[in-house]
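Engineer: Kindly produce the complete structure, drawing on both the sequences and the hints.
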Amino acid sequence: GSSVVNALSTELDVEVARDGHVYRQSYTDGVPVAPVVEGEETDRTGTTITFWPNDQIFETVEFDYETLRTRFQQTAFLNKGLKIELRDERTPDEGEEARKDTFHYERGLIDYVEYLNAQKKADKVHEDVISIESEDKERQIALEIAMQWNTSYQESVHTFANTINTHEGGTHEEGFRAALTYLVNKYARDNKIIKEKDDNLTGDDIREGLTAVISIKLGEPQFEGQTKT
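Letter by letter, the sequence shown follows residues 35 to 263 in the working numbering.
There could be a bad hint or two in this list.
[As the list claims (entries may be wrong)] Calculated cross-link-like contacts (lysine-lysine; reagent style DSBU-like; alpha-carbon spacing at most 35 Å):
{"no.": "1", "residue 1": "Lys114", "residue 2": "Lys154"}
{"no.": "2", "residue 1": "Lys226", "residue 2": "Lys114"}
{"no.": "3", "residue 1": "Lys220", "residue 2": "Lys155"}
{"no.": "4", "residue 1": "Lys226", "residue 2": "Lys171"}
{"no.": "5", "residue 1": "Lys117", "residue 2": "Lys251"}
{"no.": "6", "residue 1": "Lys134", "residue 2": "Lys220"}
{"no.": "7", "residue 1": "Lys134", "residue 2": "Lys154"}
{"no.": "8", "residue 1": "Lys155", "residue 2": "Lys114"}
{"no.": "9", "residue 1": "Lys171", "residue 2": "Lys231"}
{"no.": "10", "residue 1": "Lys114", "residue 2": "Lys231"}
{"no.": "11", "residue 1": "Lys220", "residue 2": "Lys114"}
{"no.": "12", "residue 1": "Lys155", "residue 2": "Lys134"}
By construction, these hints were calculated from the structure, which means they are not laboratory data.
Structural biologist: Written as structure tokens, this is what we have:
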């Protein structure tokens with residue numbers, strides 16, 4: 035979070051508008067320059083953070099627009115209704131325009147799955163994206179799943195925990211795979227699609243051509259064996 039950004043920056047300025055005032059504080063090498071200052075009155079709310087990465091820590095302190103664009107678009111998909119504006123205010127190369135993008139997806143993961151499938155050279159097996167949402171407030175867990183099959187042979191399952199891409203998998207992905215295999219086979223058995231003497235469909239068979247996004251939000255996540263991406 036912001037504490038990590040502060041620790042890795044030579045300078046960081048914070049401006050917070052809340053409770054009728056604007057509050058400001060600056061840091062140098064992670065240390066406050068002065069106490070928080072209460073500034074002018076305002077009726078707006080929001081936070082602005084400006085930071086300068088430490089070139090003694092990073093190999094490069096130049097921001098790559100496409101990396102930021104990909105991450106911000108992904109974040110907008112994972113938080114339906116959230117609007118993110120990205121503007122590159124650096125002087126563009128001669129003959130080029132300053133780059134800017136706006137990301138806003140009212141349907142969240144449904145839009146994400148449609149976006150992913152649009153990149154494939156394959157037809158949709160069914161028109162509507164299957165969408166599932168569930169929340170357990172007592173355990174501080176919220177789950178969203180969106181999925182759609184296409185005519186390709188590739189499985190494309192993307193998992194996230196607290197909007198962090200868990201590309202190495204995790205219990206949320208293992209649970210999804212097991213539940214999907216069980217439910218498809220149960221449906222096939224109940225509706226006589228699979229005969230009594232036949233073997234169950236394998237998980238690999240079921241997930242062929244599947245595009246799915248799984249997003250879980252946890253009050254106390256445990257990340258093991260991977261760096262945040």
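Engineer: Check each numbered hint from earlier against the structure, then list the numbers of those it violates in ascending order.
Structural biologist: 2, 4, 6, 9 and 10
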